[in-house]
Structures are given as structure tokens and as C-alpha cells.
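K.L.:
Build out the structure end to end from the sequences listed, making use of the hints.
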Amino acid sequence: MVFGSLSSSLQTPKHASSRRGGTWAWEISALLLSSASLVALITLLARADDKPISQWTFFISFNGLVSTLAAISRTSLGFALSSCIGQAKWNWFRSKEGSLIGFDRFDDASRGPWGALWLIVWLRARHWMVIGSFVTVLLLAYEPFLQTVVSLTGRTFESAGNSKVVIARSEFLNQSSCQTWLHAPGRYNDLYQFSCGLDLGLQSAYSNGLSNSSSGLTPFTVCDTGNCTWPPFLSMDVCSSCSDITSNLERVDSNVTEIDWESVESITYKTGSVDLSNGVNDTGILSRSNWTTQTSIQWNYGSLLKQYPNTLLYSFQIIQAAKTFEEGVTTWQETEVTASECAFFFCVNLYQVEMRNGLLKEQLVTSWSGRTNESYIAMTNTTPETTAIQAEDEPIWDLYHIDYLYDYLGVDFLRRDAEIAIPHNDRIKYGISFDTKFGLSQNTIHTIGQVFNKEFGHHSYSSTRRTADDSDPMPLVGYLYQSSNISATVSNIAKAMSIYTREAWGTTHAGVSKEWVLCFKVQWAYLAAPIFTILLGISFCVACMLQTRRLGLGPWKTDLIATLAHSTDREIRDDLRNANAAGFLSTAAKNIVVRFEDGKDGPELRKIV
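Take the sequence shown: its letters are residues 11 to 619, numbered as in our numbering.
Since the hints were derived computationally from the structure, they do not count as laboratory data. Do not take every clue at face value.
Computed list of lysine-lysine pairs in BS3-like fashion (alpha-carbon distance at most 30 Å, straight line) [to be verified]:
#1 531 / 600
#2 610 / 106
#3 464 / 106
#4 464 / 280
#5 174 / 464
Here are the simulated distance ranges between beta carbons [as the list claims (entries may be wrong)]:
#6 440 / 150: 35 to 45 Å
#7 593 / 559: 40 to 50 Å
#8 383 / 261: 36 to 46 Å
Here the structure is a predicted model, which means the values were calculated and not measured. Even glycine gets a Cβ: it sits at the ideal position worked out from N, Cα and C.
P.N.:
Put into C-alpha cells, the structure is as follows:
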């Protein structure tokens, strides 16, 4: 009675049910859960990317939640793959004949990656059913890839505090202690003598700029966090420029009569209004040997003067002998001589500034140094004719200062303020208000000029000057001679003076404080492997389900009871038992060719003769 009931149940395939259900409901749910977990994970990563870790307040850690979602996605997909690979063994032999060992290969593949790897080898990766095994192997790297997706990086964010963030800048310079009086009443109409005290702060700034290193030349800033940014801003500064004019040097050979009436051969190098002379056989270690000399450029000389004609503060030319002359290595006739021309002038600079980790980086965007036509002209009705009465060697006073701003004699008309011209197109390009003006007063020009009057007073530097009194401070021309880069030294002087005028005479420019915080950083490229695995796994499972329906089979999957009910026929079982007794069961399984066909008691694996 019991055997009759069992035989009756085996006759109808639809009555055989898997422990995973007689439908694909569980597998479809698992695929949906796997996809939903991955979508949730991607959404989580997108919301956390570049966000500070301090903003994560969930009771589960971020990495813990990522691991949980990754595990749910992986195990759900693995469950569906296991069922579909298990079902694939029925579909395989239903659709084609094959070696009986294949039934075992499919069954092993449904149990894990090792069996899946052997199925790939057995099928030689030439059938779409290999995809399920391939995805099973890929799942081993699923979580490691997702764990690698998230890293930490440091970023700066605007600080939530109310700390003050400023940097010094100057817009209009009007600071001096100058006194003026009529220079020569009755002789020169409306000419004034300017007497300005030496600004010690400006003098100190000049001294700070005598170094070839600009690392310590930074403007005044307030940034408590050490990380701040400022919008681009303009500042009225002192600028400089130098050029090599060695090619303009003229060599003159001559004889010079010494005090003892002895004639000595001499070589003079000169350019413009400066010259450097020594005896032909002189060396720098001898007394009265000149190493370098400089002088200011006259109003109508110098290429740099032509480049910055109406904002020029001071310009000079310098001739230098190579250090081999000072060291006595070469005679004057053998010594290499170079010449340079440098200029200081007023300018308006546009800066882009930021501070990171306490280090200020000030980048010059562009600069303007032209003067407006209506600025710095005399405020009197004086005409050029009124200045015609002059001594033989006195200059004609320039009503419009078209060649320079500062005259070292300190005599001038009372003038309007000097204003730097910013072209109309540049104001539009950089968003500069047309109401914003940059300039400086006449008194300020004379105050700054006093520094150059004092420091450029010495025109030469030689062995005589160096050994005369070691307690005397080295003059500027000496620093220029010792400098390995005159252009850098002159640039540092201009920068140091600008920094002082910005802090002492200028205003401040507000910025934004930044904080350095740790943030989540998503390496999106690492998500490619998990997404590919999910899509490939879903594709395989859907294909397997559709094939099962097309073949008219039940979803037996990995059900052992279904395997016992629908496995081999009697002939195959007898062959396998005999082979096992003889000790070559595996070989027999490889040699037996079977197909899943319908029998009188239901579908079963039948031997193909």
C-alpha cells in the first residue's frame, strides 16, 4: 500500500516539490533583495561622498552599514544562483544528451565556488550555463571590492565659527610727515621744497628686503584656523623690474696719470651715466680697486624708464665686476663685467590668496602701472614759461611729470594725487567697480622717495670702502654686489615696502576661515565589479527560469528528494553498482551518456545506447 502510493506520486512531475518551494518566488525575492541592497548602498555612498565623517550620526558605523548591505546583497544573490545552478542540471540533460558525470558537476557547482570552478573547467566555458558558476566565483571578491570603495580624505570646509579673517591691502596711500615751503620766491613761481622725515618702519621694511629669499616676506593676515581663503583683491603696491644691459656696455682704454706722475693703463666700462674703471693690471685685493658702481638714471635715459614713464619712483644702472676680480684671481683686463638696469615704480596688483596649514600663498593674477592723464599734474596755473629762468645746470621743472614721479632734489609743484589707470575692459573682465580708485598723495611719494635718497647715496663699492671702517653698515650698492641675483634682491625690496605700506597705511580685506576635516571619499571605480556581478547573476537566473518553463520542467532546483525520484533508470543504476564494485565508478560515470526523458513512471535519466 505504501509503495503503491509512492509510485502514484512519482507519475506526475508537478507533484515533486523542492524544499525551496515549488515556484521561483524565493529566488525572485532574493534577486530583488540583492538589487535593492546594492541600490541602497550606492545611494548611501552618493550621499556620504565628500561629506565630513562628523556628520554621520547613525547608531551603526558607516563602514558597518556598508558591510551589512554588501553582505545582504551577496548572500541573496548567492542563494538565487545556487537554486538556478541546481536547476540547470535538469535543464541541461532535458535539452541534450551528455556524460552522466555532468550531473555531478552541476550538483557540486550549486554548493559553492569550488564546485562552480570545476563546472567551468568541465564545460570549457563554451555554454551560457557557465555564467552562473562564473558569478559564484566572482562573489568571493564582492565584499572586498565594496569595502575598498570607501576611504578617508582631508578637505577644507568653511568654518562655522565667527573668527575674524583679514589680509592687509592698500587702496590709497596718504601718509607722511612732510613739510613744504616756497623753494625760491620771486625766482620760481609756485615751486615748493619738500622736507620729509625718514619713516623708520619703511626703512626697516627696506632692510628686510635685502635678502635673496622671499620666504619671510608675507603680508599681515589674521587666520586663526590656519586655513583661509580670500576673494581676489586689489592692492596699491611698489613694483620693480630689472633687465640685463651688458650688451650696451662700452669699453674705453686710456692712460691715467697717477699722483706720482706715472702714466697707468686703464680700462673703463660705461653705459648711460655710470662707469667703472680700474688699472689694466689691478686686482680687487689692491687698494682703490672698484668692484661695482651704480647711479640713478637721468630722466631721458634708460629702457625701463620708457616702460614705466609716469609711475616711476626710482631707477638706476649698475656695473659689476666678477667675483674673481675681488678675490685676486683675475686682473682687471681679464675680468668679466656685467651691467643691469632696475626700476621701482608704483602699481596696482590683483592677488589670489589662500592659506593652507598656516602657509600663505599669494598669487599675482595681473598688474597695472599706468597713470591716468589727469592725475599728478600741477594744481597751479603756472605755465612752462614761468620756469624758464634757471641756472645753467638746473633742470627744467616738469609741470606734468611725464617721465617720473619723484625728484631726489625734493623740489616740485604742489600736485594732484597720482592715480593708477585700470583700463575699462579690465575693470569689466575682473569685476572691478568703476568707482574704485587707486593712487597716492604727493607727500607719500616724497616720503617713500626719502628711503631711496638715503640708501642709494653711495655710488660705488670697492676694497677701499670695505676696509675703511668695518663698523660702517654696508651700503645698498654693496648688497647688490654681494647678491647672486640682483633682480630677486630688488624684487624683495619692492615687496617688503609694499607689505609695510599695506599694513601701516592701508586697510584690510575680509576672507573666509576654513577647517581641515576628514571626509568620506568614494572610489566609484571599485563599484564596477559588484554592479557587473549583480547584473550578470540576475541575467543568468532569469535565463534559467525561462528555460525551465520552456522545457516544461518543475523548479526542482537542488531538492534531494526530486533527485532521488527522477535520477537514473534501473539499467544505469546496475551499471554504476557494478562499476563501483570493480573500483572504477568515476570512469563509468564519464562513459555513460544519458538524457533526461519521460518514462512510464515520469521523467528520468536514461542511458543512450
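K.L.:
Run every hint past the structure and note whether it holds.
P.N.:
Evaluated hints:
no.	hint	in the structure
1	531 / 600	53 Å, violated
2	610 / 106	20 Å, holds
3	464 / 106	106 Å, violated
4	464 / 280	24 Å, holds
5	174 / 464	39 Å, violated
6	440 / 150: 35 to 45 Å	58 Å, violated
7	593 / 559: 40 to 50 Å	42 Å, holds
8	383 / 261: 36 to 46 Å	42 Å, holds
Violation of the numbered hints given earlier is confined to hints 1, 3, 5 and 6; the remaining hints are satisfied by the structure.
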